[in-house]
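Visitor: Chains as they are written, first to last, in my numbering: chain R, 1 to 509; chain H, 1001 to 1370.
In case anyone wonders, no lab produced these hints; they're calculated from the structure. Glycine residues also receive a C-beta, built at the ideal position from the N, C-alpha and C atoms. Misleading hints may appear alongside valid ones.
Stated by the list, open to error - Using C-beta positions, here's what the derived DEER-type ranges look like:
{"id": "1", "chain 1": "H", "residue 1": "Met1147", "chain 2": "R", "residue 2": "Lys319", "range": "42 to 50 Å"}
{"id": "2", "chain 1": "R", "residue 1": "Lys376", "chain 2": "H", "residue 2": "Leu1038", "range": "50 to 58 Å"}
{"id": "3", "chain 1": "R", "residue 1": "Arg268", "chain 2": "H", "residue 2": "Phe1081", "range": "22 to 30 Å"}
{"id": "4", "chain 1": "R", "residue 1": "Lys319", "chain 2": "H", "residue 2": "Val1011", "range": "40 to 48 Å"}
{"id": "5", "chain 1": "H", "residue 1": "Trp1150", "chain 2": "R", "residue 2": "Val375", "range": "45 to 53 Å"}
Stated by the list, open to error - Mimicking DSSO-like on lysine-lysine, the simulated pairs with C-alpha atoms at most 30 Å apart in a straight line are:
{"id": "6", "chain 1": "R", "residue 1": "Lys376", "chain 2": "H", "residue 2": "Lys1004"}
{"id": "7", "chain 1": "H", "residue 1": "Lys1191", "chain 2": "H", "residue 2": "Lys1046"}
{"id": "8", "chain 1": "H", "residue 1": "Lys1136", "chain 2": "R", "residue 2": "Lys274"}
{"id": "9", "chain 1": "R", "residue 1": "Lys118", "chain 2": "R", "residue 2": "Lys66"}
{"id": "10", "chain 1": "R", "residue 1": "Lys382", "chain 2": "H", "residue 2": "Lys1222"}
{"id": "11", "chain 1": "R", "residue 1": "Lys343", "chain 2": "H", "residue 2": "Lys1004"}
{"id": "12", "chain 1": "R", "residue 1": "Lys217", "chain 2": "R", "residue 2": "Lys265"}
{"id": "13", "chain 1": "R", "residue 1": "Lys201", "chain 2": "R", "residue 2": "Lys29"}
{"id": "14", "chain 1": "H", "residue 1": "Lys1248", "chain 2": "R", "residue 2": "Lys343"}
{"id": "15", "chain 1": "H", "residue 1": "Lys1191", "chain 2": "R", "residue 2": "Lys313"}
{"id": "16", "chain 1": "R", "residue 1": "Lys319", "chain 2": "H", "residue 2": "Lys1246"}
{"id": "17", "chain 1": "H", "residue 1": "Lys1248", "chain 2": "R", "residue 2": "Lys265"}
{"id": "18", "chain 1": "R", "residue 1": "Lys201", "chain 2": "R", "residue 2": "Lys188"}
The primary structure of each chain is shown beneath.
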Amino acid sequence: MDTILEMHNITKVYPGVTALDNVSISIKKGEVHALIGENGAGKTTLMNILYGLYQPDAGRILLNGKPVSINSPREAIALGIGMVHQHFMLVENFTVAENIVLGHEPRKGLTLDMEAAKASVREVSDRFGLEVDPDARIEDISVGLSQRVEILKALHKGAEILILDEPTAVLTPQEIDDLGEILQNLTKEGKSIIMITHKLKEVLGMSDRVTILRRGKVVGTVQTSETTADELAEMMVGREVNLSSDKAEKTAGEVILSVEHLTVKDHRNLPAVKDVSFEVRQGEILAIAGVDGNGQKELVEAITGLMPTESGKVTLCGKDITGANPRTVIEAGTGHIPQDRQKRGLILQSSLTENLILGYHYRPPFAKNGRMDQVKIAEHGKELIQEFDIRTPNQEVSAGSLSGGNQQKVIIAREFYKDPSLLIAAQPTRGLDVGAIEFVHMRLLEQRDNNKAVLLVSLELDEIMNLADRIAVIYHGQIVGVLDAAQATERKLGLMMAGGTSEDKGDVS
Amino acid sequence: MKGKLTYIWSVTRLPVVAVAFGFIVGALCIAVTGNNPLVAYMALFKGSLGSMPSIGETMYKVTPILFTGLAAAISFRCGLFNIGAEGQYVVATVATVAVAWFGQELPRLILLPLILIAGFCAGGIWGGFAGLLKAKRGINEVISTIMLNWIALYIANYMVRVPLSTNVLAGLPRAGHSVIIPDAAKLTKLKELVSSFGYSSAHTGIFIALAAAVVMWYILFKTTTGYEIRTVGLNASAAEYGGISKAKNTVLAMFLSGGLAGLGGAVQITGLVFMVNQSPALPGYGFTGLSVALVGCSHPLGVIPSALLFGILENGSRQMQLAGIPSEITSIISGVILVFIAGSLILKLAGDKLKFFGKNPAVDTGKEGA
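Next comes chain H alone, as it looks inside the complex (with noise of 0.2 Å):
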């Protein structure tokens, strides 16, 4: 059992110390601006977690950035750098939109599941299409994702305008958003299950999230395609020696990157938005996903305490910048938290390198010879 404890804290220990050192940082700029840094913290926590309203609010931040950060993890385990996050939940947005309108006349619990799958597909299709250009043609998946990004924005700001328009759709000029989903076509809110959530717009999709990130646990440590991916994402020639096939895995892991930012487009349209805005930009959650799964660890189960974390700072910031403290403080926190992480990552790749460990006792006195 110390076994394992050592174990867990080996691992975690790098992300706990950044989290620790980001909030330190924090202290220290929120006191140099002349405030008191434990008033600002509570208010943080306050706002974030003070209660069941709160709570709520955090909760549906946490969910599309956790899809995010699953979607970035699963991509980092099979050594891919899946930037193409945001342009996979948008492509998932729209091909929800459409689903719904289009099977509206379906039972809820047929309609649902096939929307959430629809989204899934999209998006994974999305990513699929990044992870089979690398696979054939050898396409950095950095490069194609960043563009596959800008076309699915824009593909969907055209969708949103005139094949999914209200008004398109019954015959007026267009407008600037889609239709909006039927009701069978909606997630239960929170306060309708549990009614202390108040006025929070928490809605069920948060377990939804919890469930993928469990189910993705599961395929990556406990069944054969697992043990592929993450083969291939640690050592790509001893993956094809061992007869793992490295293109195979690269699509599937790219489809299944793309399938959970999918999802997450989906549930969020679902459960909260209901409708596609044309947007200038994107939306910013694949982003925060990368940094979420840096976070955790590249680990399905380590993301959601650091989807949490950046849910609480998100939500948090408001109540925070109501008692006098500018809520830029908490971008400086997670900033803080990223250098480290980040940072640490590249000593420990240098570290690697130059075979400067020491650390590592086995590995010291293991190293004899050849």
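With the rest of the complex left out, here is chain R (with noise of 0.2 Å):
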């Protein structure tokens, strides 16, 4: 395979801070690239500095082994580089082909010419066996469509080689292997893909090459097929990682959360949670277990009472909170890590330090008689961002300024804080690198071995494989089965995800 692109040592400084250091990275014709780090690594500066969105300080860049500048995202996309970003920048009530063309409209006189459009649209996406429709509105259409919206969007501007980040993070199991098979479908055009992410397990399935940055420094270069997780993880981290947590032996106790036939209207007014039952102990993990969108959220949100509850009861520790106020279920003994970290959990624009006092702002010995003391706030801000070990520069910078990881570690920081009878953690590490991950595993255990109750919502199976004590499985709003993390399978669990009862599970075992 030839060599398509290369940067040759790549450096790059902020203020205070290297971010690249002599980075270099070759990408041949054809392949997948998967470029990991933990965050803050460079992966995303190395990428911006590609795509035009930032200036290297020093080092060069060869595409076909002739030298070029990148001053801006429009020449990098005259280069052929198109980059999908985590969050996706579609126009939400454009169609499908709207969205496509769009900054490059086919005309006719002075109208556009729509018809042109479509069938540009059609020809690319049949080029690549990427399925879409080109009249669908983009508020209509999945994540996983969404995104492959934003590919052929690339695509159709003639990208040659693609950079995607973190281009699973918002994706579903199934979606996750449709797009494995995008990629092999473009690499076999001959397109070359460059795919940031922290997920060992997609690296290991999508990749030919791997590099690996730490600190914004490259680690190394490797052959999928010549390594495996750990030694990936190790090379990331710098230090040998535990994938799988070791789970200490433990008697439930108690019954801190119960719910009985809840039923939860989503915000169309159609059911979304329907007549769900299960109880939360002492000591236990249990796991909610699904496809994303089968109800979790509704489920979380109306415990929580951030939604109404259309029918029936939660108890938390013999407390009937059903349909109760937000305070009051903090009140009642509620941690809560939420699933979408930026919209509920952080006010990105604030500081770490009012960040970290959200949800018992008004309780002393943060504040006494509705005034603040803001010497303890700003104790306790520096405590905390010392205990969970957050990398910031200081307490005072935004919240919207960190990393995913760090504005997770805020979040996790101020939820243990309360010292909570019930956490309730949704999807707590979606996004986050393997030491981050390791690091949420870790504290929602030492929340369990504390005699705590945890309430686990995730779409990751290993990660509830490797945490529940019990696993509950939902889908369409209802629960189809609990099992016993030790009866538990992921072919059993994928089954009943999908719809099959828990009575189907004979025949799969």
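Two chains, two frames, a set of hints: combine them into the complex.
Guide: This is the structure in structure tokens:
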């Protein structure tokens, strides 16, 4: 295979931080090249340089052996470099075709030639086997399809090298498989793909070669076929990582959370949670497994008082909290790591200090008679930042300026400080790197070992099998079965997640 | 210390640059009309800050817009756009006159505070009502406060002509203005305290306004109430998650906002006008307040220099006109400042959306991964 792209000795220095230190990487034509590293390792910075968003302080870029300088995304696109960002940049109420041709629309006189646009979109989508309905509106299609549209958008602009930033972070297991197929089709057509990720499983499954970055430096580039997850994790973090956590045997105690016949309607007024009942006990982790969008969000929001309940009963530590407001639920002893950390969990524009008291900002020692004690609050912030190893220049920076893993640490620190009887963790490791995942898992198990109850909602079967004592599978808003972790296998759970009931499990095992 | 200064500069940079830009564009316009910008600006500042009486005149012009600026600022902080400071101000002026008239037997030490509280409450209820509509029924506060402005104006006109008219109270035909408030209800003129203020009508209301700014700063940044209001304004979903009621804080912020506008009305009556006139149009202080809050970065203490700037522009324009320069230049200056500030806010918003930042190194290096 020929080398299509080389980045030589790229260095990028920000005041006080060397984001990239002499980084070199080469991409071969027709390969999937994974770029992995912890949060803050410099993966995104490197790709943003390639995409023309930032300029390197030193180093050069060779495209097909010729040196190029890329000063803007426009120039990058002209050179055949396309990027699919982690947060999609699509116009929600435009159609697929409109989004794809946006910026270089075919015209007929003064008007838009929509037919030509659709035809050209169809042509590209047929060529690469990326099926989409050009007339569907973005707001109506799934996340996986939106990503497909983003990829098409880049291909439509003539991308030869495609940068995918955390492509699997928002996808369901099935959608991840689909993406794998898409990538195969693309490489067959001679496209080269750079995939930024920190999910090792997908690196092993999808890529041809892997380059590992750590703290702005290249640790190494290896053939995927010649490496293992443990080896990659070690190279990323710089020490041995325990990917499967050891759990001490523990018998569950009293019932902490009891949910009986709970029904919840979503914002479109359709039933999202239907007659759900389960219990979480002291010293156990109950995991809710399921494909995204099967009522998990509504279930958690109804328990925490963020959504109204239609019928049923929720009891926490013997106290009826059905339909109670969020503050009452918090005061009854709940900690909540929300699924959408940027929307629910953090005030992105506010300082870490202010974020670290959300939910108990009105209680002593942080406030007395409505007056906030800034000194205590600042001390509290400092302590938590240290205890939870939140990587930040200082506690006054805004939460939005932190990396995803550190944002999650802020939330975890705050929720653990409450010392809650019940901790609800909704997709707590979504988008985190292995180091951070290890940290979150350790903390969740610690909570369980301290005889607290943990309700874990996750889309990752590995995570669930690793942590849970019991597993409830949710499908279409209903609990189709509850298994002991010891009896659960990935196949069994997968089948139940697709709607098979626990009775079917006999056929499988 | 240096960090603190850099921080202050990072937040004040935008309005400072905007103001400089406004004056530069103003200078160009003056030059185009064949005048000397230097002469014009000398006159502007001489007319507004050149002598004790002119400083006094500027101060009394600053007073009402400082109140309405604070009113707008606190609503902005809760993510609300209170365009109703006009109506809240008008309602409060009527309440002020009514309380002053019916309480005229009371001693000054009781009557004056009572009047100010009445003004605050009248404006607060008028604003809080719009807040309630938003919290309970989701009615956009921009629409409801605009409508409430006109309702306030026509109620005021009726009150002034009928129940609160001197003539009606004395059994004579209706007149176009209300009764004049008793002396016990009037604020002290500054010239009575410091004689060098001379002809200026400045009154102690400016101190009430400054005190209100400090109190608002304290509430917003040092109390749980302020924390909750700001959290709702920055991220209502996160506020809810943190056990903070969006509905309660919406009503509260609108009450405080309306209250400040109302206090402005009460101070204007007790300090300067002493009665309410029948009027075909809204007084305009509320709208100026929006500009004042924008230039002041919605910060209660930032609103003070911002209101001063608008006061200087308004008061100094007369002197500029005497120097042969069209007074409309000051409107151009304030217009340019606003366009610049609003424009950069829009750019900033768009920038956040497109993620094309690149100025803040913490953002750049920190945005690795998810």
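Visitor: Against the 30 Å threshold, does the CA-CA distance of Lys1136/H and Lys274/R hold or violate the hint?
Guide: Given that 30 Å is the threshold and the Cα spacing comes to 28 Å, the pair holds.
Visitor: Quick one: are Met1147/H and Lys319/R within 42 to 50 Å, going by C-beta?
Guide: holds (44 Å)
Visitor: So if I understand the rule, the pair passes when the alpha-carbon distance is 30 Å or less; does Lys1191/H with Lys313/R pass?
Guide: Answer violated: Lys1191/H to Lys313/R is near 69 Å, above 30 Å.
Visitor: Holds or violated: Lys1191/H with Lys1046/H, Cα cutoff 30 Å?
Guide: holds (20 Å)
Visitor: Check the following: the C-beta atoms of Trp1150/H and Val375/R are separated by a distance inside 45 to 53 Å.
Guide: Cβ of Trp1150/H to Cβ of Val375/R: about 48 Å, so the range 45 to 53 Å holds.
Visitor: Please test the hint of 40 to 48 Å on the beta carbon pair from Lys319/R and Val1011/H.
Guide: Once the Cβ atoms are compared, 44 Å apart, the range 40 to 48 Å for Val1011/H and Lys319/R holds.
Visitor: Is it true that the CA of Lys118/R sits at most 30 Å from the CA of Lys66/R?
Guide: The given pair, whose Cα atoms are some 35 Å apart, is violated under the 30 Å limit.
Visitor: Under the criterion that the straight-line Cα-Cα distance not exceed 30 Å, is the pair Lys382/R, Lys1222/H satisfied?
Guide: Holds: Lys382/R and Lys1222/H sit about 19 Å apart, inside 30 Å.
Visitor: Sort out whether Lys29/R lies within 30 Å of Lys201/R, counting only the CA atoms.
Guide: Within the cut-off at roughly 23 Å; holds.
Visitor: Would you mind confirming whether the straight-line C-alpha gap from Lys319/R to Lys1246/H stays at or under 30 Å?
Guide: At roughly 25 Å apart (the allowed maximum being 30 Å), Lys1246/H and Lys319/R satisfy the hint.
Visitor: Holds or violated: Lys343/R with Lys1004/H, Cα cutoff 30 Å?
Guide: With Cα atoms ~29 Å apart, Lys343/R and Lys1004/H stay inside 30 Å; holds.
Visitor: For a C-alpha distance cap of 30 Å, please report whether Lys201/R and Lys188/R respect it.
Guide: Given that 30 Å is the threshold and the Cα spacing comes to 22 Å, the pair holds.
In the structure shown, a violation is registered for the earlier hints numbered 9, 12, 15, in ascending order.
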